[in-house]
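Enquirer: Add chain H to chain L, keeping to what the hints say.
There are 2 protein chains.
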Amino acid sequence: MEFSPLVEQLIESLRCLPGVGRKSAQRAAFHLLERDRDGANELANALQKAMAEVGHCQQCRNYTEQDLCAICQSPKRSQATVLAVVESPADLMALEQSGQFNGLYFVLYGHLSPLDGIGPEQLGLSLLEQQLAKGQIEEVVLATNPTVEGDATAHYIAEICSRHSVKATRIAHGVPVGGELEYVDGTTLARSFAGRTSMS
Amino acid sequence: MEFSPLVEQLIESLRCLPGVGRKSAQRAAFHLLERDRDGANELANALQKAMAEVGHCQQCRNYTEQDLCAICQSPKRSQATVLAVVESPADLMALEQSGQFNGLYFVLYGHLSPLDGIGPEQLGLSLLEQQLAKGQIEEVVLATNPTVEGDATAHYIAEICSRHSVKATRIAHGVPVGGELEYVDGTTLARSFAGRTSMS
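Residue numbers (UniProt numbering), protein chains in the order written: chain L, 1 to 200; chain H, 1 to 200.
Chain L on its own, in the form it takes in the complex:
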């Protein structure tokens, strides 16, 4: 026994969302059918429009429906000499929200992972090299995740930077602000210790 064909199709389609299994999809489908048909129709429109029109910025690979994203277009930033390399648009947004950085970005959409078939080409590193070759960028901040793969990717890009005589820096790893030393893992503490800065 199954639900009616259209309801079944809706439940199965909802499973394309990350972390949504059969039960959650069923719950979502019933919620939309019973309480939010308008929201569901809006969602359908938003999905169609976004999938058809959203592409990547030709300069930084961030999502945009135009040729250049809002950051690359911004006159305040177009003269920037610092470029931050991040793994995902969500990382870019997190950096933006910290309000500490006013330069340009480059989004990799992942990290080097040869076993999964993700090499320099998939990360758009040739586009990054083109940017560096223009000579405007003076520093590349490698803001990939502090994981083994993120570190490897940072090292790889740092080599590209040195070939173009561009300074490469890595974001600092250490104890999170507001955290307690007692609960911080050993590797982080070791990195935090090795990266200690002078106070006097």
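Just so you know, the hints here were simulated from the structure itself, not pulled from any lab data. Since the model is a prediction, treat every value here as computed from it, not as a measurement. Wrong hints could be hidden among the right ones.
Stated by the list, open to error - Below are the DSS-like pairs computed for lysine-lysine, each with C-alpha atoms no more than 27 Å apart in a straight line:
| hint | chain 1 | residue 1 | chain 2 | residue 2 |
| --- | --- | --- | --- | --- |
| 1 | H | Lys49 | L | Lys49 |
| 2 | H | Lys76 | H | Lys167 |
| 3 | L | Lys76 | L | Lys134 |
| 4 | H | Lys23 | L | Lys49 |
| 5 | H | Lys23 | H | Lys76 |
| 6 | L | Lys23 | H | Lys49 |
| 7 | H | Lys167 | L | Lys23 |
| 8 | L | Lys76 | L | Lys167 |
To be verified - Covered, in the sense of this in silico footprint (three residues per stretch, anywhere, with C-beta under 8 Å from a C-beta of chain H), are these stretches of chain L:
| hint | region |
| --- | --- |
| 9 | 8 to 14 |
| 10 | 20 to 33 |
| 11 | 43 to 51 |
Every residue, glycine too, gets a C-beta built ideally from N, C-alpha and C.
Expert: Coordinates of chain H only, in the frame set by chain L:
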């Protein structure tokens, strides 16, 4: 700083799904944009079709895109004299999957809850009365949830049944099969004790 307008719109629209906040919506949007544009387009189509076409069965109120749902149409069941009243299509599906019931259903879509403005009319009880008035139903099994509201709803419907001289029964409450007495709550144990059946 926000994402591009279409991406923002997609993220906001995804929040109509139950239990999806800003962060989950963002994660889902990026997942679809990056890895599953086909799935997203299918989802958009499924949403539009389901919202436009899926209505309620005229006999049992289950979701269907036809006048009568598959269960009410089934020749095996059309002669059934037992009708199970459930709170949601998911409950109906759970009963169906247990394979123990081969009668008809009636879906309330909720339970009596005067404070939320949910009265007999919202639960379609006049339609249920019409069914009972036809005289074919001999027993109504009240399979609402074993909560205060579910019990109250069951009592209310039992009174309707008695007005139509139809037998009303309630599903048994007790210790779940495979459970351990030690971990069962007191109310359930009390109901289980009160409802004990003879073994000899």
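Enquirer: Work down the list of hints and note, for each, if the structure agrees.
Expert: Hint by hint, here is what the structure shows:
1. For the given pair, lysine 49 of chain H sits about 17 Å from lysine 49 of chain L by alpha-carbon distance, which is consistent with the 27 Å threshold.
2. Between lysine 76 of chain H and lysine 167 of chain H the CA atoms are separated by roughly 22 Å; this keeps the pair inside 27 Å, and the hint holds.
3. For the suggested pair lysine 76 of chain L and lysine 134 of chain L, the alpha carbons sit about 19 Å apart, so the restraint of at most 27 Å is met.
4. The hinted pair formed by lysine 23 of chain H and lysine 49 of chain L meets the criterion: a straight-line CA distance of about 21 Å does not exceed 27 Å.
5. Of the pairs offered as hints, the one joining lysine 23 of chain H and lysine 76 of chain H is violated, with about 48 Å between alpha carbons and a cut-off of 27 Å exceeded.
6. For the suggested pair lysine 23 of chain L and lysine 49 of chain H, the alpha carbons sit about 21 Å apart, so the restraint of at most 27 Å is met.
7. Proposed proximity of lysine 167 of chain H and lysine 23 of chain L is contradicted: the alpha carbons are some 34 Å apart, above 27 Å.
8. Using a Cα cut-off of 27 Å, the hinted pair lysine 76 of chain L and lysine 167 of chain L holds, with the two alpha carbons roughly 22 Å apart.
9. Given a C-beta distance limit of less than 8 Å, the hint that chain H covers the region 8 to 14 of chain L holds, as 5 residues qualify and 3 suffice.
10. Figure legend: the region 20 to 33 of chain L, annotated as covered by chain H; annotation consistent (9 residues with Cβ-Cβ distances under 8 Å, at least 3 required).
11. Counting residues of the region 43 to 51 of chain L whose C-beta sits closer than 8 Å to any C-beta of chain H gives 9, which meets the bar of three, so the coverage hint holds.
The structure does not agree with the numbered hints 5, 7 stated previously, though it agrees with the rest.
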